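Protein chains: 2
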Amino acid sequence: MTRVYIKDIGKYSGQEIILQGWLYNKSSKGKLAFLQLRDGTGVIQCVVFKGDVSEEVFKLAETLPQESSFAVAGIVKEDKRSKLGFEIGVKNISLIRLAKDYPISPKEHGTAFLMDHRHLWLRSSRQTAILKIRDEIIFAIREYFRNNDFTLVDSPILTPAASEGTSTLFETDYFGQKAYLSQSGQLYGEAAAMALGKIYCFGPTFRAEKSKTRRHLTEFWMVEPEVAFNDLNDNMDLAEDFICYLVRQVLKNRRAELAVLERDISKLECARKPFPRITYTEAIEILNKKGNPTQWGGDIGGDEETLISREFDRPVIINRYPAAIKAFYMKRDPQDPKLALAMDVIGPEGYGEIIGGSVREEDYETLLARIKEQNLPVEAFDWYLDLRKYGGVPHAGFGMGIERFIAWICGVPHLRETIPFPRLMDRLKP
Amino acid sequence: MTRVYIKDIGKYSGQEIILQGWLYNKSSKGKLAFLQLRDGTGVIQCVVFKGDVSEEVFKLAETLPQESSFAVAGIVKEDKRSKLGFEIGVKNISLIRLAKDYPISPKEHGTAFLMDHRHLWLRSSRQTAILKIRDEIIFAIREYFRNNDFTLVDSPILTPAASEGTSTLFETDYFGQKAYLSQSGQLYGEAAAMALGKIYCFGPTFRAEKSKTRRHLTEFWMVEPEVAFNDLNDNMDLAEDFICYLVRQVLKNRRAELAVLERDISKLECARKPFPRITYTEAIEILNKKGNPTQWGGDIGGDEETLISREFDRPVIINRYPAAIKAFYMKRDPQDPKLALAMDVIGPEGYGEIIGGSVREEDYETLLARIKEQNLPVEAFDWYLDLRKYGGVPHAGFGMGIERFIAWICGVPHLRETIPFPRLMDRLKP
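Line by line, the protein sequences give chains A and B. Residue numbering for the first sequence is 15 to 444, as defined by the numbering used here. Residue numbering for the second sequence is 15 to 444, as defined by the numbering used here.
Just to be clear, a hint being listed does not mean it is correct.
If chains are identical, the list can't say which one is meant, so a pair holds when it fits in one copy or spans any two.
[To be verified] EDC-like cross-link-like pairs, simulated, lysine to aspartate or glutamate; straight-line CA separation at most 20 Å:
id: 1; residue 1: Lys403; residue 2: Asp327
id: 2; residue 1: Lys25; residue 2: Glu101
id: 3; residue 1: Lys73; residue 2: Asp347
id: 4; residue 1: Lys40; residue 2: Asp93
id: 5; residue 1: Lys94; residue 2: Asp115
id: 6; residue 1: Lys266; residue 2: Glu157
id: 7; residue 1: Lys403; residue 2: Asp115
id: 8; residue 1: Lys340; residue 2: Glu296
id: 9; residue 1: Lys287; residue 2: Glu276
id: 10; residue 1: Lys352; residue 2: Glu387
id: 11; residue 1: Lys25; residue 2: Asp163
id: 12; residue 1: Lys281; residue 2: Glu393
id: 13; residue 1: Lys192; residue 2: Asp440
id: 14; residue 1: Lys226; residue 2: Asp317
id: 15; residue 1: Lys443; residue 2: Glu393
id: 16; residue 1: Lys114; residue 2: Glu76
id: 17; residue 1: Lys403; residue 2: Asp130
In short, the hints are calculated from the structure, not lab data. Just so you know, these numbers come straight off a predicted model, no measurement behind them.
Use the sequences and the hints to build the structure in full.
Structure below.
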């Protein structure tokens, strides 16, 4: 008899096989017991008929507690009523380990309770579906960049410079020096783009923000492409093409998981080129027309993003922001130096900013002046300035916080479900 | 005229194109100037004939400093003498930015100097080649696990428990609590394997070790598969198959980069199944026969690994170590409880341990007793113990520090060249 995984069950129709896994759910009715076995690749119904098995095995089937581990030997039978198309006619069951009083029952639990049991909560079909979509998106990200000749350049987590103030940084002692956990790989990515042309960083980033909103994690993964010689239009094209690829891959490969999440697929199918592109100034006009009082020069926050996103059926790219509210390294618009050549991609359905990026200032003197203006420590940026001193070129890039992207794709409102072990202001365990 | 990348140059033979990049090197001879242009995808010779260009352009070509950025318009010409097969007959050059006094000249520099200029050193063809092989290996790792139905589960970096002592941990303040940077995702991976069956973690890990050897980084990337229901043989099979796949992909796709590194390919071609598998006891015998005095029960350190590796032409798997020198979570050998069902894969040519793994103890009572025996804080492991309480199953996994693997593949002795921005005890910048 062959040991098989549930996902491959269709290949064994009519054959006797062995499955190993955990009891997801069960019911019984007279001479029949129905065990839902999960093995990480799927869930299958195992039907135990009293006449087919020993008395002990039937009793085990009737009394087996949730999440007990066991092996089943049985025949793979076609069954049109099952989503999978197959069920198992059980011949034998051997218990691996009994699970008593599994804390997560099919009844409703509060979120705090589920988060305390995150190591077990992952076993639920909803959490499993989210994790598989996460896996799909992360692979698609890497595949996209590989297909488009980008080189992965892992930027460091431990960094010396508290380049933009230390208030939202996690600090650690590094053999007698202060080190900080990275908030972005961008500056390193720029160095690498000058070496390799097209690169991306992709790793965990950290923000010690005292924020408890559903859109904040203290530890999250960010992907950051950077391309030498790209301008703002190239950067917007790249972001658009990238997002469309990711959405397409999930729609192609993760239909079953989206169905588990009851995601409205039509909302994702809209995400096709071209994405609307509006200037910051136009965004403010939209807001004002809708009664939002944000003035030109003001920040476009979460509420404003939601208002704007409702105008469109797909992601919208807002570009050319007031330079005053954007980072020092962003290049000014040569047409209007009040503006920075920045862009944000706002997800549909109120999912907020999913990408933020810009063209970077490539001129040494301008960048140096900018650093001094903002009272940043020049010595912390000496190596970054070197990139302009030695063959600076126009370049642009962006960052995407992948948990926000996953939240949109999955249609889950809170980021805490989009990462296996979320870190929030009040949550460091398990 | 089309802007193209050097790697695609073959498609434009005979055509006039534009290239953008940096000056890697140059020479001139009478009426000819030879500019080596690099653009991150390759290096190409641009031949400037005085009669073909304006006086200014020829002067620029003769005097252009290393790493200046410029664009070239010219005709793609086949040239058998060039490695690439093509060169550019220059029609025009436009300077983007002049680089004065680029610090890394073609002469020899000390390592400390190069490491201080790591952000520029990345531009050298040797460093570029290593980074491209690193990218290839990382993609192959993810592709391997995807092809084999593993789900990626990113384990957290910020963790609450100092499970095995704090002396080699980086600590940070987490909103009033202590948090530590993760040394391994394994415990989280085990939780995920109970949910998803076959998983892998892949992220940065940290060791605050006061060690300055060539084989230590304080921050390095580790990939850790974990599989429910796998035993020691399955685990060894997986490690073997995994390594063979990675080597094969590099040999298939990165010949040019291996050639830049002057890597002896034949040493990599040997890495085929089956890998020799010896017990720890046999390993000690080999050592003793070769005059190394390590006693049974002693650690197999770097020197010993090198001695053992010289006996084989490919990676060797050492298994069944004395339980006393292995971690608390490792399952004992039912045949001999003095032994742990642990395994290490030792790279050839003295590159040392590239994989370490084991079967994990799945019994609740045994694991609890083990934790108490070793005076570990039980409360820190409550959630980890839950994995045994609720449907514990046999499972196994391993970890591979990818920089050590890259070092072997590239044939570079020091790990500092295998990661874009290495973190060493005395190096946190750039």
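Hints and how they fare:
Neither within a single protomer nor between protomers do Lys403 and Asp327 lie at most 20 Å apart by alpha-carbon distance, with minima of 44 Å and 47 Å respectively. When the C-alpha separation of Lys25 and Glu101 is checked against a cutoff of 20 Å, the pair qualifies only within one copy, where the shortest distance is 13 Å, while the shortest distance between copies is 54 Å. Within a single copy, Lys73 and Asp347 get their C-alpha atoms no closer than 75 Å, and across copies no closer than 33 Å, so neither meets the 20 Å cut-off. Taking CA atoms no more than 20 Å apart as the test, Lys40 paired with Asp93 passes inside one copy only; the shortest distance there is 18 Å, against 72 Å between copies.
Taking CA atoms no more than 20 Å apart as the test, Lys94 paired with Asp115 passes in neither setting, with 34 Å inside one copy and 74 Å between copies. Both within a single protomer and between protomers do Lys266 and Glu157 lie at most 20 Å apart by alpha-carbon distance, with minima of 15 Å and 18 Å respectively. Taking the closest pair of Cα atoms, Lys403 and Asp115 come within 20 Å of each other only across two copies (9 Å); inside a single copy the shortest separation is 65 Å, beyond that limit. In this assembly of identical chains, the alpha carbons of Lys340 and Glu296 lie at most 20 Å apart only when taken from the same copy (17 Å versus 63 Å across copies).
Proximity of Lys287 to Glu276 under the C-alpha cut-off of 20 Å is found in neither arrangement, the shortest distances being 25 Å within a copy and 45 Å between copies. Proximity of Lys352 and Glu387 under a CA criterion of 20 Å is satisfied intra-copy only: 15 Å inside one chain copy versus 66 Å between copies. In this homomeric assembly, Lys25 and Asp163 come within 20 Å of each other (Cα to Cα) only across copies, at 16 Å, whereas the closest approach inside a single copy is 37 Å. Within a single copy, Lys281 and Glu393 get their C-alpha atoms no closer than 48 Å, and across copies no closer than 45 Å, so neither meets the 20 Å cut-off.
When the C-alpha separation of Lys192 and Asp440 is checked against a cutoff of 20 Å, the pair qualifies only between copies, where the shortest distance is 12 Å, while the shortest distance within a copy is 24 Å. In this assembly of identical chains, the alpha carbons of Lys226 and Asp317 lie at most 20 Å apart only when taken from the same copy (16 Å versus 51 Å across copies). When the C-alpha separation of Lys443 and Glu393 is checked against a cutoff of 20 Å, the pair qualifies only between copies, where the shortest distance is 11 Å, while the shortest distance within a copy is 38 Å. In the homo-oligomer, the alpha carbons of Lys114 and Glu76 lie at most 20 Å apart inside one protomer (15 Å), although the nearest pairing across protomers, at 81 Å, exceeds that limit.
In this assembly of identical chains, the alpha carbons of Lys403 and Asp130 lie at most 20 Å apart only when taken from different copies (16 Å versus 51 Å within one copy).
The structure shown violates the earlier hints numbered 1, 3, 5, 9 and 12.
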